[in-house]
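Undergrad: With chain A fixed as given, assemble chains B, C and D with the ligands onto it according to the hints.
Residue numbers (this note's numbering), protein chains in the order written: chain A, 1 to 280; chain B, 1 to 280; chain C, 1 to 280; chain D, 1 to 280.
If you're looking for bench data, these hints aren't it; they were derived computationally from the structure.
Please note that the accuracy of each hint is not assured.
Intra- or inter-copy, both count: the list cannot distinguish identical chains.
The calculated lysine to aspartate or glutamate pairs, modelled on EDC-like cross-linking and capped at a C-alpha distance of 16 Å, are [as the list claims (entries may be wrong)]:
| id | residue 1 | residue 2 |
| --- | --- | --- |
| 1 | Lys-25 | Asp-108 |
| 2 | Lys-243 | Glu-262 |
| 3 | Lys-25 | Asp-200 |
| 4 | Lys-243 | Asp-10 |
| 5 | Lys-25 | Glu-248 |
| 6 | Lys-25 | Glu-63 |
Protein chains: 4
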Amino acid sequence: MTYDDFLAGDPLIVTAALTGGVHGKEANPDLPETPEEIGRAAAAAEDAGAAVVHLHARRPNGERSFATERFQEIDDAVRRHAEDVIIQHSTGGTGAPAEDRHLPLRTDPAPEMASLDMGPLNRYDHLTSENTRGMVDALHAEMVERGIKPELEVFNDGHLNEVHGLLERRELADPVYATLIFGGGTLTPPRPRNLRNAVDNLPEGALFNTLGFGRHQLPFATMGILFGGHVRVGLEDNVYYRKGELAESNAQLVERVVRVAEELGRDVASPSQARDILGL
Amino acid sequence: MTYDDFLAGDPLIVTAALTGGVHGKEANPDLPETPEEIGRAAAAAEDAGAAVVHLHARRPNGERSFATERFQEIDDAVRRHAEDVIIQHSTGGTGAPAEDRHLPLRTDPAPEMASLDMGPLNRYDHLTSENTRGMVDALHAEMVERGIKPELEVFNDGHLNEVHGLLERRELADPVYATLIFGGGTLTPPRPRNLRNAVDNLPEGALFNTLGFGRHQLPFATMGILFGGHVRVGLEDNVYYRKGELAESNAQLVERVVRVAEELGRDVASPSQARDILGL
Amino acid sequence: MTYDDFLAGDPLIVTAALTGGVHGKEANPDLPETPEEIGRAAAAAEDAGAAVVHLHARRPNGERSFATERFQEIDDAVRRHAEDVIIQHSTGGTGAPAEDRHLPLRTDPAPEMASLDMGPLNRYDHLTSENTRGMVDALHAEMVERGIKPELEVFNDGHLNEVHGLLERRELADPVYATLIFGGGTLTPPRPRNLRNAVDNLPEGALFNTLGFGRHQLPFATMGILFGGHVRVGLEDNVYYRKGELAESNAQLVERVVRVAEELGRDVASPSQARDILGL
Amino acid sequence: MTYDDFLAGDPLIVTAALTGGVHGKEANPDLPETPEEIGRAAAAAEDAGAAVVHLHARRPNGERSFATERFQEIDDAVRRHAEDVIIQHSTGGTGAPAEDRHLPLRTDPAPEMASLDMGPLNRYDHLTSENTRGMVDALHAEMVERGIKPELEVFNDGHLNEVHGLLERRELADPVYATLIFGGGTLTPPRPRNLRNAVDNLPEGALFNTLGFGRHQLPFATMGILFGGHVRVGLEDNVYYRKGELAESNAQLVERVVRVAEELGRDVASPSQARDILGL
Ligand SMILES: [Zn+2]
Ligand SMILES: [Zn+2]
Ligand SMILES: [Zn+2]
Ligand SMILES: [Zn+2]
Numbered sequence: 001m002t003y004d005d006f007l008a009g010d011p012l013i014v015t016a017a018l019t020g021g022v023h024g025k026e027a028n029p030d031l032p033e034t035p036e037e038i039g040r041a042a043a044a045a046e047d048a049g050a051a052v053v054h055l056h057a058r059r060p061n062g063e064r065s066f067a068t069e070r071f072q073e074i075d076d077a078v079r080r081h082a083e084d085v086i087i088q089h090s091t092g093g094t095g096a097p098a099e100d101r102h103l104p105l106r107t108d109p110a111p112e113m114a115s116l117d118m119g120p121l122n123r124y125d126h127l128t129s130e131n132t133r134g135m136v137d138a139l140h141a142e143m144v145e146r147g148i149k150p151e152l153e154v155f156n157d158g159h160l161n162e163v164h165g166l167l168e169r170r171e172l173a174d175p176v177y178a179t180l181i182f183g184g185g186t187l188t189p190p191r192p193r194n195l196r197n198a199v200d201n202l203p204e205g206a207l208f209n210t211l212g213f214g215r216h217q218l219p220f221a222t223m224g225i226l227f228g229g230h231v232r233v234g235l236e237d238n239v240y241y242r243k244g245e246l247a248e249s250n251a252q253l254v255e256r257v258v259r260v261a262e263e264l265g266r267d268v269a270s271p272s273q274a275r276d277i278l279g280l
Numbered sequence: 001m002t003y004d005d006f007l008a009g010d011p012l013i014v015t016a017a018l019t020g021g022v023h024g025k026e027a028n029p030d031l032p033e034t035p036e037e038i039g040r041a042a043a044a045a046e047d048a049g050a051a052v053v054h055l056h057a058r059r060p061n062g063e064r065s066f067a068t069e070r071f072q073e074i075d076d077a078v079r080r081h082a083e084d085v086i087i088q089h090s091t092g093g094t095g096a097p098a099e100d101r102h103l104p105l106r107t108d109p110a111p112e113m114a115s116l117d118m119g120p121l122n123r124y125d126h127l128t129s130e131n132t133r134g135m136v137d138a139l140h141a142e143m144v145e146r147g148i149k150p151e152l153e154v155f156n157d158g159h160l161n162e163v164h165g166l167l168e169r170r171e172l173a174d175p176v177y178a179t180l181i182f183g184g185g186t187l188t189p190p191r192p193r194n195l196r197n198a199v200d201n202l203p204e205g206a207l208f209n210t211l212g213f214g215r216h217q218l219p220f221a222t223m224g225i226l227f228g229g230h231v232r233v234g235l236e237d238n239v240y241y242r243k244g245e246l247a248e249s250n251a252q253l254v255e256r257v258v259r260v261a262e263e264l265g266r267d268v269a270s271p272s273q274a275r276d277i278l279g280l
Numbered sequence: 001m002t003y004d005d006f007l008a009g010d011p012l013i014v015t016a017a018l019t020g021g022v023h024g025k026e027a028n029p030d031l032p033e034t035p036e037e038i039g040r041a042a043a044a045a046e047d048a049g050a051a052v053v054h055l056h057a058r059r060p061n062g063e064r065s066f067a068t069e070r071f072q073e074i075d076d077a078v079r080r081h082a083e084d085v086i087i088q089h090s091t092g093g094t095g096a097p098a099e100d101r102h103l104p105l106r107t108d109p110a111p112e113m114a115s116l117d118m119g120p121l122n123r124y125d126h127l128t129s130e131n132t133r134g135m136v137d138a139l140h141a142e143m144v145e146r147g148i149k150p151e152l153e154v155f156n157d158g159h160l161n162e163v164h165g166l167l168e169r170r171e172l173a174d175p176v177y178a179t180l181i182f183g184g185g186t187l188t189p190p191r192p193r194n195l196r197n198a199v200d201n202l203p204e205g206a207l208f209n210t211l212g213f214g215r216h217q218l219p220f221a222t223m224g225i226l227f228g229g230h231v232r233v234g235l236e237d238n239v240y241y242r243k244g245e246l247a248e249s250n251a252q253l254v255e256r257v258v259r260v261a262e263e264l265g266r267d268v269a270s271p272s273q274a275r276d277i278l279g280l
Numbered sequence: 001m002t003y004d005d006f007l008a009g010d011p012l013i014v015t016a017a018l019t020g021g022v023h024g025k026e027a028n029p030d031l032p033e034t035p036e037e038i039g040r041a042a043a044a045a046e047d048a049g050a051a052v053v054h055l056h057a058r059r060p061n062g063e064r065s066f067a068t069e070r071f072q073e074i075d076d077a078v079r080r081h082a083e084d085v086i087i088q089h090s091t092g093g094t095g096a097p098a099e100d101r102h103l104p105l106r107t108d109p110a111p112e113m114a115s116l117d118m119g120p121l122n123r124y125d126h127l128t129s130e131n132t133r134g135m136v137d138a139l140h141a142e143m144v145e146r147g148i149k150p151e152l153e154v155f156n157d158g159h160l161n162e163v164h165g166l167l168e169r170r171e172l173a174d175p176v177y178a179t180l181i182f183g184g185g186t187l188t189p190p191r192p193r194n195l196r197n198a199v200d201n202l203p204e205g206a207l208f209n210t211l212g213f214g215r216h217q218l219p220f221a222t223m224g225i226l227f228g229g230h231v232r233v234g235l236e237d238n239v240y241y242r243k244g245e246l247a248e249s250n251a252q253l254v255e256r257v258v259r260v261a262e263e264l265g266r267d268v269a270s271p272s273q274a275r276d277i278l279g280l
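Chain A on its own, in the form it takes in the complex (with noise of 0.2 Å):
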């Protein structure tokens, strides 16, 4: 993907990361912790333009959970909900036990996407958010028994190398989606150049996604609008609208990044188009 599918107006695929494991209400009240909330919160992101949905779930006490049920409780709230919109279950999660990882991709009926983190970050400052080589492979291996797609969550570049290591070793599905991810930490820097660079190492023929974190979220998502790729935004990623003002909704960013798409001339994907382009 490039400037030359920005000027083509290629469909743009917008993800509402509407909740996560990470932050909750303290963070953001508006936030959605409950399946009911984040069911509501679907709805409205997708009537907002978004395409996809990428969903964590929570136990009650708001911590995080990989249970199989608690995702189905999500997932029927959605779909009770929302209309047609694309359901992605994360898969990532620093320090559970590589079995639970799983768990998330067996609800009834699955998930139309799952993401796959490609490699390891420090988190904190004593922890490793642990994605081997095995755990990758296990994980893929489940999503193609289950039809589920996955996206590639690719952090920095040496999980861009990874993201070429997998397709040495196990056969994906056209076309590759990848996640490019941009913040502090172990992640990429989020410069300009930085993101340029990295949709100069993608395999031949993927699509990609632009990720950033925090302030990063808008201005890495203009910049996937104009190199030819989707966005991600919502509150998993970034609680504010703009500095100091906390978002209302996800919803909000939502609708920021699809104003912005529309001003410079792409068309925004709905679920039915999306599913086209991502090969669902």
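TA: The following block gives chains B, C and D with the ligands in isolation, referenced to the frame of chain A:
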């Protein structure tokens, strides 16, 4: 460091990575394993133009060791055979207890330099090289205490971001000295654009060293020379001289990169000049 | 100027290139040609957010003119209609006698800014826009004498090199202000990587303005906003609002880029703020 | 052409630019001026590894000449002394009448290759090297007619855009072969990032040759080798062997770049291999 420093003919620091902990004589019969072999290899590398030797220690059975006494034996042998070469101990290691990784810092005298891995990496199918921020900070604190210059090992652009984080958390003596590493696995993909891009992401005023694994060793060293950086070669990183032909010795690899530097008009730094450049 | 300046929210200078010497009302019936039309268009552009108007003059028959009195009539009309907008006269022109290109500098008062083309370009099949170093230096000398800030027009990376040459030959008031231009012909190919690369080649401390011709106007302006630069839009460079739809006015193009800047969180500079930034 | 072609060891075409029209023996007493001197220099360059000789002609007084008979004398001398080297005539020239620039194409036999400058350049204070599209097309038409392979000379990224324009206007035989030129004046600034960027802007499938002027000759040739391109060296472009030391001969410059290529593991193409690569 930039092409201007190359044009100015700034002296080039050659580091020879003589041995390592991963492969041994089964990969190349000329790879030095015993203290005596390593001492002789260091002397030959110094004669060939290396200012720094990067060292790992092994048990008598050839397995990796972090023990202070193993490093002491090696250092003693290096000092017996070599004239003035700078000793750099590796502190990196997959799966080693965090305390063990401090042991290489405790020889008497301390090594002038020690490696400091900046983040996590996948290894093989099921391992992660952990380098949490806590481990990095603890190793750095002991290096400061013992007057050891850290060589920051940067395996991908997430690690480059961790360098910026380290500079925010702790005070580092000038100049910051980082090795930019290229290869397979979780490393930055070995493409010229990625070296150029990595250099653009370094902290202001940082010096860099270039390390390409395997067949990327010489081309990345050559780009390191041209882009104003320093270079690392040696049997730890590459056992071949050219395709299908094992290297005869560490010195042979040093000699070649020195010839390339000389053709390109960059003088090779003596250990004493390297101390000036690195602020040892 | 970099992404950091974008993040810091530095005010954005919008230049409106209202008319030009190449195409006229046959290309867009709303393109202003007479002094009165240009004056009204300047006022509307200023209301929409432009701090600078870039001006060309025409004979009553619509053909390009360099005559001082034509510029005087336009400036008088601009000052009648607009409030405080900065006037920038074009000195560029294919095939015009060198002396004629000085005439736009001689209005009373002098324009606050004037364009200075940095090198030659091919035009059509058989023409070359000549901008010899002698011509550049003579124009610059008169600008200095009359207190006019040069806007250095950089059509390709050879011109960027000429900027460095100009800085060696002559003293330029800080900050150096260069317009990076992208399009067809002898211009830098309009690709995101080339804007990123051009910015990396600017003299230290230089400010830049981004100009994409035709359908590249808005995407390059948007990248200019994100990369910490300034932007130029207007009917001289692009007569369409979107594919197949002519722009209604210069102001409409200014309004859109202002909306994009506001969505992205960059304030738009008033003429008075622009004077501060440019050192007028 | 990319780093992968370097890794694959694709043979390297070395072009020797033996003489030129700008400087003569006053700049370097070993610069060949007469047909006999040029013939001997061509033979020595071929022995050293050059597959192509790039030629200019001079009048007996040393001034530049475009006359067919001058080129004929040189070609005759080259064929007398050299074995199999490919002859490439320059058609470039500042201020020469357009018709004169066709004369170097009319020797018998025609040269196998001829240079084709892709756009205008500033020269000195008051000159412009004109290369209008009309002139380019006319030269190209005669090259096609006479079976001469064009070497597209690209002095900046505007000229690179003109290459794309030429491909839209006219049919070019595969492979397109472009020389990317770096230096002062209106040329692309000689920085590694600009070579990397230029290569990224080439038409799909194009081959490139790397030319750095003066002290940039060897470093840009070395990057050309590493980035999978071809190289040009010689006294036309650079009269020094190293800082403050004049080159002894064209062959000395060829020998050095051949040594660098051999250290880096790229074989040097014979004239016959070069014919295969270039489709002559
Ligand atoms: Zn998530
Ligand atoms: Zn090591
Ligand atoms: Zn203009
Ligand atoms: Zn020439």
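Undergrad: Could you work out which earlier hints the structure fails to respect and list their numbers in ascending sequence?
TA: 1 and 3
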